[in-house]
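Trainee: Sequence:
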Amino acid sequence: MNTKRLSLLAIFCAGVSALFSLTLISFNADISLIALPLSLLFTAALAFFSIKKLFLDDNLAFIAVFRELLQYLPYVLLVAFVFRRAGDKGTPFALDLISVFLWILASAVALVILHFLNPKYISKVDKSWANFLEEQKAERKNPKNRSLVKSTLREILSWVDALVQAVFMVLLLNIFIVQLYEIPSESMVPEFLIKDRVVVFKTLSGPKFPLSDVGLPYIKKYNRGDIVVFRNPHYSNDRKSEVRTFLSQLVYMCTLTKVNLNVDESGNQKADPLVKRVCGVEGEQLMMQDGILYARTKDSPEFKPVDSDSTWATWNLNAVKPSLKNEIRDFPLSDSDYAQMLETEEARRNLNIEETRAECKKLAENFASNYKKLTTSKKGTISFNEEQLNVYSLFINSNYLAATLLTTENGADWFNSFMTDWCDKNPDFAGDLYAEANYRLNLMIKVLAGKIVVRNSDLYLSGLSDEDFMNDSLRNSYMTEAQKLFTYCMLLDQRNMPVFPSNADDGSPRYIPKNCYFMMGDNRFNSLDMRHSYERWNTKLSPADNYSVTYTTDMQPQFVNRSRMLGTTSYRFWPLSRAGRPGHTGK
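If you read the sequence shown in the numbering used here, its first letter stands for residue 4, the second for the next number, and so on.
Warning: the hint list may mix true and false statements.
Have a look at the derived ranges for each label pair, beta carbon to beta carbon [as the list claims (entries may be wrong)]:
#: 1; residue 1: H118; residue 2: F51; range: 21 to 31 Å
#: 2; residue 1: S573; residue 2: S10; range: 38 to 48 Å
#: 3; residue 1: E412; residue 2: E390; range: 36 to 46 Å
By construction, these hints were calculated from the structure, which means they are not laboratory data. Quick reminder that beta carbons are idealized off the backbone N, C-alpha and C, glycines included.
Put together the whole structure using the sequences plus the hints.
Mentor: The following block contains the structure:
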């Protein structure tokens with residue numbers, strides 16, 4: 004290598020940078036207009052200080068400037084690339100591809116030139132250049148030439164330069180190779196605890212240049228049980244959001260993790276990205292009932308338990324080994340709560356439908372008898388919406404419900420419909436354990452609500468005082484059972500999941516599409532994952548019942564395309580006591 008060849012490389016590098024700049028032309032009146040002048044100004048500076056000053060004028064004082072500009076070239080061009088795509092309108096894939104190719108070419112040439120500008124190798128280019136650098140170094144060390152102000156300023160600039168370059172280097176590493184994450188929640192307990200730090204390998208997961216679809220190919224095929232990091236699909240994936248995410252990463256690293264701008268529209272910290280476990284893969288239809296995950300495929304049309312899921316799904320944190328239990332902050336259920344939940348599930352499974360049908364009819368008859376005994380005039384009619392039929396409202400407002408039904412013209416008729424409308428129907432669940440379980444749970448709640456209404460009407464007719472009414476032992480025993488059923492309904496969306504993807508209108512099964520996956524946290528009672536929406540609403544327990552009890556739900560399962568998956572957790576490096584490849588460490 005000599006100065007002539009190096010000058011040709013410098014010209015080539017500046018030329019490629021100029022071509023890259025031309026791919027950033029924008030005709031939109033938005034932030035994308037910044038990209039072209041930013042890239043052109045940098046390219047002009049690179050050409051001026053290298054070709055003009057260093058090579059043509061032979062001013063060796065610009066060796067350091069040339070080297071500094073080359074070090075910043077990949078980062079400045081990358082920022083310009085992002086600005087061009089940060090506007091309201093995107094860019095064609097072909098243009099992105101050309102831009103990325105030119106960026107790689109310019110960066111590669113810059114690295115080659117930097118290699119020969121290294122003090123160790125610069126003598127191979129020109130010995131006079133090496134001598135000049137040695138003289139400069141000796142001059143700076145000479146006490147006579149030292150100035151406190153200059154040396155302090157030089158030191159500060161050196162640190163700032165090192166920090167900025169380190170930030171951009173880490174940013175590139177984070178995008179394409181590897182990234183470190185700190186676990187923010189207990190959704191993956193006992194596998195990961197809060198503040199565990201993990202290494203996520205990205206290269207095989209098809210990382211892309213920011214705000215584009217150009218990047219490395221997808222090589223990694225995820226399997227059930229893989230712990231993955233992925234972009235939260237609950238948040239917007241539009242261009243504006245992606246720009247904000249990129250800039251927040253930049254600011255986060257520039258401020259040494261002190262400033263995190265990755266917030267939602269309300270100013271709250273985003274739960275993004277997420278760390279969860281792959282529980283469903285392409286070609287599967289899933290269902291979860293009583294904590295057991297089931298799956299079926301086109302080749303195996305019957306739902307079968309996914310045995311491996313039980314090895315990492317954790318329902319009772321009280322049962323994890325003591326060394327981990329002491330570090331867990333939140334226990335959603337106590338041992339007694341968990342036992343009560345299992346008892347409720349057992350009672351639901353053992354529910355005799357024929358006996359329940361007879362009991363519902365009997366309760367309707369008993370209330371009709373009390374209704375006739377009340378001789379006061381009855382006014383108006385009554386109907387209840389889904390919110391009023393919510394399991395919480397039914398039980399908490401049971402006194403009002405009984406009094407209202409007794410004193411309205413259609414009270415007995417409405418109660419009869421509520422209790423018996425389902426009796427003449429025999430739904431075929433066709434292997435849908437979730438729908439059948441909720442059908443049975445709906446009946447359990449109806450029977451208990453009916454018992455409470457009838458008992459309340461008995462007490463009203465007996466003329467008891469308010470104190471005696473509230474202290475009635477039978478009524479209170481019913482209310483105790485009501486609390487258990489309500490508590491179970493609160494756990495319903497964590498413990499169970501409907502058939503997903505849902506069947507087509509004609510009843511034929513649908514499956515998780517190609518290159519898509521379904522993720523859940525291991526800590527199933529404390530994981531807001533792909534089972535759930537961030538909104539809540541009322542829904543019927545049993546759509547087959549016109550008068551079904553409702554409950555508050557956030558159940559809205561969704562799959563995640565591999566394009567939003569960033570990589571797998573390859574290694575836990577903190578705490579040292581649990582360092583190593585992630586495996587199931589909690590049981």
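Trainee: Checking against the hints above, which ones are violated?
Mentor: 3
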